[in-house]
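Peer 1: What follows is the residue order along each chain.
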Amino acid sequence: MTAALQIIGLPLPLALLIAVGVIAAVGYMLTRARAMTRAGGDARGLHSLPRYYGMTAAMFAAVPALGVMVIWMLAQPMVVQNAVLPLIPAAEITSAGTQSLILSDVKRVADGLDVAVAQGALKRADIAAMADDPSGLRETLGSVGVALGSDVKPYVLQAAEASRGLKTKGQSWMAIVVLVLALGGAALALRAADPAFRARNVVERGILVLLIVAASLAILTTVGIVLSMLFESINFFRLHDWKDFFLGTTWAPNFRGDSDLSILPLLWGTLYISIVALLVAVPIGLFAAIYLSEYAGPKVRAVAKPLLEILAGIPTIVYGLFALLTVGPFLVSIFGRGDEGLLGVEWMSGATAVLTAGLVMGIMLIPFVSSLSDDIINAVPQSLRDGSFGLGATQSETVRQVVLPAALPGIVGAILLAASRAIGETMIVVLGAGAIARISGNPFEAMTTITTRIVSQLTGDTDFASPETLVAFALGLTLFVLTLGLNVIALYIVRTYREQYE
Amino acid sequence: MTKSSLLVQDARTAKRNRAETRFKAYGMAAIAVGLLMLVILLVTIIGRGTGAFQQTFVTLPVTLTEGKLDKKGNRDLADIKKVSTFGYAPLLKDAFEAKVAEAGIETALKSKAMAGLLSKDAAAELRNYVLANVDQIGDTVEFEFLASGRVDGYLKGRVTRESIANDKNINAAQLDLVDALVADGSIAKKFNLAFITGADASDARPEAAGMGVSMIGSLFMMLVVLALALPIGVAASIYLEEFAPKNWITDIIEVNISNLAAVPSIVFGILGLAVFINYMHLPNSAPLVGGLVLTLMTLPTIIISTRASLKSVPPSIRDAALGVGASKMQSVFHHVLPLAAPGILTGTIIGLAQALGETAPLLLIGMVGFIASNAPETLADGLMAPNSAMPAQIYEWAKRADPAFYERAWGGIIILLVFLITMNAIAVLLRRRFERRW
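Protein chains in written order, with my numbering: chain A, 2 to 503; chain B, 14 to 451.
What the hints contain is simulated information worked out from the structure, not anything from laboratory work.
Positions of the beta carbon are idealized from the N, C-alpha and C atoms, including for glycine.
Treat each hint with caution, since some may be false.
Facing chain A, a subset of chain B residues (Cβ under 10 Å, in silico) [as the list claims (entries may be wrong)]: (1) Pro-277; (2) Gly-282; (3) Tyr-292.
Far from chain B, by Cβ distances over 10 Å, these chain A residues were calculated [stated by the list, open to error]: (4) Gly-22; (5) Val-27; (6) Asp-106; (7) Ile-177.
Which stretches of chain A does chain B cover? Using the computed rule of at least three CB atoms under 8 Å from a CB of chain B, they are [what the hints assert, rightly or not]: (8) 387-401; (9) 488-498.
So that you can see chain A by itself, here it is in the shape it has in the complex (with noise of 0.2 Å):
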């Protein structure tokens, strides 16, 4: 079955996708003309319009079918990873980290074996020959692209195996049930089109059905979200101490182990960076916003305010290329060059520093700041500006005095939310802030974040099983929840903020 739908040279998921469509469109046919027949050619017989009958069968057809593809693909990985563990000997296994480990090797050599069967460098035969010595594996798969680490075991090879022939079962199976799934469905519907079947009701059940699992693909993402890093990071604290995670002072991971790994110089690099970028937006973004709502004719605010909100929509690369080829040479040019420079001191040795970060990500976030608070300066009622006039009150100390404490919730909250969007800010600081962890009062210095080592350990060749690779998980969801939590806050201000006014 799979190698019949191989041919056609698609992989397995497409080409079964395509045969469901197919079936589901054949079902719609034959099952509306079969409801028209049985009502004698004449719709108004029908409990429901006749495509209605139709989509019936479509739905039968389609949806369970590929609903049962969607899990089978992805619980098979876990199937097959439980099948093959018993072939690894106990012996092997010291600890959890070592068994990943092996259990990685097993998904590289059991990958590169299908290469290399697909490019003709190897056949079934020569791969059953090998069993007792795969000495030659290695640069076998070499020779087809698959590097590997160390020479093959026989046990991998043997899981490797194991694990190979365990897939194809696997996506025959698959193939079959989501076939058999779609054409019973399509039977089914088939069978029941009938005058006096409710097509319409059980096309709309299924609908609100289909919807409700669009809504909760919302919650599945956190959930995603939150298990990958959980497990991650607990396979992290097997291997690392927690206490030094947290409290540890030093950041120096070494790919040969026994590694440093301590959250804080990261975290005071990303909160620095992040103080100086809101030291840069909020007073801007403020003024902007209290203008733009106080005091700006219809025609300016027309004009600037999108104008402004152009900064919002140019994606980050382009700041952090801004950081690191325009702003950071031009504050080296300032206060790096010694006597050359403007001011003739030399504090800046280069281009990447918090200063040059934080400037950049304060420019980011100004619209951030200026739109989220011109919303909430509009929302404060214009009695309160008006009973203040009325005292005689200018129109700077009405806004001073009046508007902002009446906003003052509203503005935190939005400050609150900018800061949530800096910390978790990446590409700016990859390019800009530079890569070296310490723990530092001096803005022109490089310093690094959390998201910048995120990516400097996970980029490139990562093993899941080494803590220098863990660590990320470790960091991201430390992220996630500082972001998560400021949003939250700040979520909850401004929504207590709005009704107060409401």
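Chain B: place on chain A using the hints.
Peer 2: For chain B alone, coordinates are given in the frame of chain A:
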């Protein structure tokens, strides 16, 4: 202290009025600073990036010597193929010597140093030409080769005679030759189509690098995002806006969506790495994986804007549909949804634009690096074969510490921004054209 009158302000009023003027000036200054930053940013991008759309070419007649390319003289393609690109280098050297002699330029340079003015691509280009036109061996053919990155930089003012003091790739004598050839008309800047259509090139050949293949990678990712995020987002919004009962489950979903919208994008990259690549074994660097990650990231944006446009359809439309006997589902799908469509479309385009410019999650799923040297041939290939994306390509260039690549990065940003501006303009036009005020 002067007495106050209608004509003369007393000191306190004057002070208050000055404070008023000051306050207003702060506001104007804030807006001016914001707009100034925008202008500086755009001027920098355009000023630094437009150079990438022009490239220096060297016009050179090359004699395709039979003795070097086809020693047996039988024009057998298999034999000619045995001559590697190294075998073509002497032809370029000879061509340069002939050129210099013909133009009457005096130079002390050896022919090898002259050929150093050409891109390292030139020999391969020549070889491809010969393999495609075997019958022209023995003739003299005029070629337009890419000049090396340093020569290109010299013509664009990026490389100066002072800056090359410690540069082993080029020396002052070579620049003299360049000057002479420019005067001669053999070296000139031309529009560089290859930058828009071509693939990335290795570190040593900035002059040959282009955005084309990463553009295709981005295109495939956007197809995935559109195919998944639009239906799922619209379905979720319809449920939440039209059908969901007011209970704690709905509340959780709503809070969840607004929080997801604020999750840092890099976290979605971690999710993609852990779930799609490490767990589901989807291939590294594939646009399919990138598309899936960006789908999850844009879903909240699309849901939020779709719900807003569904909400703006007045209840009277729903009531009228229900009144003439439509079911709830029919009233939504036949009446509310079509009326909300322009708003949904606008929101989707803006969501796509956001996804197009996103870089951070792509770094984690491996969509960076010198991978894609060819455009994918089939749809499945386009989705599954390793590729890059526009912002990831720009990041890659920004990391190579070479001003010639920086110019490429700025140029890439111009291309990216053209796409984003077009998408946003379409969104604005759609809104203007179809927006209905009830």
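Peer 1: All hints, please: hold or fail.
Peer 2: Hint check:
{"no.": "1", "hint": "Pro-277", "verdict": "3 Å, holds"}
{"no.": "2", "hint": "Gly-282", "verdict": "8 Å, holds"}
{"no.": "3", "hint": "Tyr-292", "verdict": "6 Å, holds"}
{"no.": "4", "hint": "Gly-22", "verdict": "14 Å, holds"}
{"no.": "5", "hint": "Val-27", "verdict": "23 Å, holds"}
{"no.": "6", "hint": "Asp-106", "verdict": "14 Å, holds"}
{"no.": "7", "hint": "Ile-177", "verdict": "21 Å, holds"}
{"no.": "8", "hint": "387-401", "verdict": "holds (count 6)"}
{"no.": "9", "hint": "488-498", "verdict": "holds (count 3)"}
No hint from the list above goes unmet by this structure.
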